[in-house]
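Number of protein chains: 2
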Amino acid sequence: MADLSEKRLSSEPAFSGKLVKVYLEMWEQAGGQQVTREIIRHPGAVAMIPLLPNGDVMLVEQFRAAAGRVMLEIPAGTLEPGEDPRAAAVRELQEEIGYKPGKLEKLGGEYAAPGYTSEYIHLFVATELEESRLQQDDDEQIDVMTLPLSEALRRIEQGEIEDSKTIIALLWIARRLGR
Amino acid sequence: MADLSEKRLSSEPAFSGKLVKVYLEMWEQAGGQQVTREIIRHPGAVAMIPLLPNGDVMLVEQFRAAAGRVMLEIPAGTLEPGEDPRAAAVRELQEEIGYKPGKLEKLGGEYAAPGYTSEYIHLFVATELEESRLQQDDDEQIDVMTLPLSEALRRIEQGEIEDSKTIIALLWIARRLGR
Numbered sequence: 001m002a003d004l005s006e007k008r009l010s011s012e013p014a015f016s017g018k019l020v021k022v023y024l025e026m027w028e029q030a031g032g033q034q035v036t037r038e039i040i041r042h043p044g045a046v047a048m049i050p051l052l053p054n055g056d057v058m059l060v061e062q063f064r065a066a067a068g069r070v071m072l073e074i075p076a077g078t079l080e081p082g083e084d085p086r087a088a089a090v091r092e093l094q095e096e097i098g099y100k101p102g103k104l105e106k107l108g109g110e111y112a113a114p115g116y117t118s119e120y121i122h123l124f125v126a127t128e129l130e131e132s133r134l135q136q137d138d139d140e141q142i143d144v145m146t147l148p149l150s151e152a153l154r155r156i157e158q159g160e161i162e163d164s165k166t167i168i169a170l171l172w173i174a175r176r177l178g179r
Numbered sequence: 001m002a003d004l005s006e007k008r009l010s011s012e013p014a015f016s017g018k019l020v021k022v023y024l025e026m027w028e029q030a031g032g033q034q035v036t037r038e039i040i041r042h043p044g045a046v047a048m049i050p051l052l053p054n055g056d057v058m059l060v061e062q063f064r065a066a067a068g069r070v071m072l073e074i075p076a077g078t079l080e081p082g083e084d085p086r087a088a089a090v091r092e093l094q095e096e097i098g099y100k101p102g103k104l105e106k107l108g109g110e111y112a113a114p115g116y117t118s119e120y121i122h123l124f125v126a127t128e129l130e131e132s133r134l135q136q137d138d139d140e141q142i143d144v145m146t147l148p149l150s151e152a153l154r155r156i157e158q159g160e161i162e163d164s165k166t167i168i169a170l171l172w173i174a175r176r177l178g179r
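Chains as they are written, first to last, in this note's numbering: chain H, 1 to 179; chain D, 1 to 179.
Errors might be hidden in some of the hints.
When the alpha-carbon atoms are kept at most 25 angstroms apart in a straight line, the in silico SDA-like pairs for lysine to any residue are as follows [to be verified]:
1) D:K103 - D:D84
2) H:K106 - D:S150
3) H:K18 - D:Q136
4) D:K106 - D:G68
5) D:K18 - H:F15
6) H:K18 - H:R91
7) D:K21 - H:G102
Estimated spans, in silico, between C-beta atoms of each pair [stated by the list, open to error]:
8) H:Q33 - D:R133: 45 to 55 angstroms
9) H:N54 - D:D137: 46 to 56 angstroms
10) D:E140 - H:E160: 50 to 60 angstroms
11) H:Q158 - D:E130: 31 to 41 angstroms
12) D:G102 - H:A87: 42 to 52 angstroms
If you want a taste of the chain H side facing chain D, the calculated C-beta under 7 angstroms gives, among others [unchecked claim]:
13) Y23
14) G77
15) L107
If you are wondering where the hints come from, they were derived from the structure by calculation, not from laboratory data. All C-beta atoms in this analysis are idealised placements derived from N, C-alpha and C, irrespective of residue type, glycine included.
Next comes chain H alone, as it looks inside the complex:
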């Protein structure tokens, strides 16, 4: 098996927005070949599947400019610099659905698009939910929707749920619950 590892030689900021920061990086492959990579360096994110005792899940609807349409997703948010993912998960749940989890279990994690962004999403299952609302970010307009897990899974099959972290969380929890 070939040595696939690479070593970073340099990293220069090429674009620095409020959310998106792009770096031009030079990497050296094991054979000595040098390649240029355009990498978005991202602080990471959290996403939570809020699961009710009856098996329903709580999703959020919001307009996504990148997709040009309203999408149905699990609650999620970007990590503040240095923020603990569990603390971020509790904060985002209160901001987006107005509930605080009594129990927050790690489901797993995923790189959204490792070809060009370092964004790693920590996935949690949130249960024992209690009402507790925090103010949303100003530029976020969100509707909350509660659905049976079976209906959410049907919407994946029908192509109505197309957000990657949401598909992962729903399929994963369905597998764990044997649904």
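Here the structure of chain H is known, so what remains is to put chain D in place on it, guided by the hints.
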């Protein structure tokens, strides 16, 4: 229910790399509030789960600079401008694993990170595979690994497979096959 739709007022290129293109866009919400969005406009991609008659899947290992490590993923690739997703899937399978599918079935699709990138990934199940190799891109070094589906699913549970499109394709095909 609130009107969540938004209307694009303007879009200006802010960074234009070989792979990553960032636009600064002004969007107007239904209530009249104007918000600025940083959006990566991406041509889209294809990802294929190559499934053998015995239930094994073929995965590719490659170094991902954004993650800083070697990752195990399903074969995938970016669409050329105007390219048909099915044609891209057939091309990428020949480039990455050296096989051509006799049958290519649409599994679904997903937005990788709709908060900031328009990347939409078309997912396919590739079966009836026949040897047929095309030259890989110069800067791609890839190893092919064939695994039982059960072992691939175990690696998701263990956090060893962390690529979003790969997790989706594996969990989805496992659900379809009742595994």
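**Asked** K106 (chain D) and G68 (chain D): Cα distance at most 25 angstroms?
**Response** violated (31 angstroms)
**Request:** Decide if the proposed pair is consistent with the structure: K18 (chain H) and R91 (chain H), CA atoms, cutoff 25 angstroms inclusive.
**Result:** holds (20 angstroms)
**Cβ separation of Q158 (chain H) and E130 (chain D), checked against the hinted range 31 to 41 angstroms** = holds (32 angstroms)
**Message:** Would the hint on G77 (chain H) be counted as holding, given a Cβ-Cβ threshold of 7 angstroms to chain D?
**Reply:** violated (9 angstroms)
**Item:** Restraint satisfaction for L107 (chain H) [CB to CB of chain D, less than 7 angstroms]
**Value:** With a minimum Cβ separation of about 10 angstroms from chain D (threshold 7 angstroms), the hint on L107 (chain H) is violated.
**Request:** Given the hint that K18 (chain H) pairs with Q136 (chain D), test it: the Cα-Cα distance must not exceed 25 angstroms.
**Result:** Given pair K18 (chain H), Q136 (chain D) is violated - Cα atoms ~36 angstroms apart, limit 25 angstroms.
**Request:** Decide if the proposed pair is consistent with the structure: K18 (chain D) and F15 (chain H), CA atoms, cutoff 25 angstroms inclusive.
**Result:** Roughly 14 angstroms between the alpha carbons, so the hint for K18 (chain D) and F15 (chain H) holds.
**Given pair status - G102 (chain H), K21 (chain D), alpha carbons within 25 angstroms** = violated (42 angstroms)
**Item:** Pair hint K106 (chain H) and S150 (chain D), alpha-carbon separation not exceeding 25 angstroms
**Value:** holds (22 angstroms)
**Message:** Tell me if the beta carbons of N54 (chain H) and D137 (chain D) are separated by a distance inside 46 to 56 angstroms.
**Reply:** holds (50 angstroms)
**Item:** G102 (chain D) paired with A87 (chain H), Cβ distance criterion 42 to 52 angstroms
**Value:** holds (51 angstroms)
**Message:** Between the beta carbons of Q33 (chain H) and R133 (chain D), is the distance compatible with 45 to 55 angstroms?
**Reply:** violated (21 angstroms)
Going through the hint list in order, the structure does not satisfy hints 3, 4, 7, 8, 10, 13, 14 and 15.
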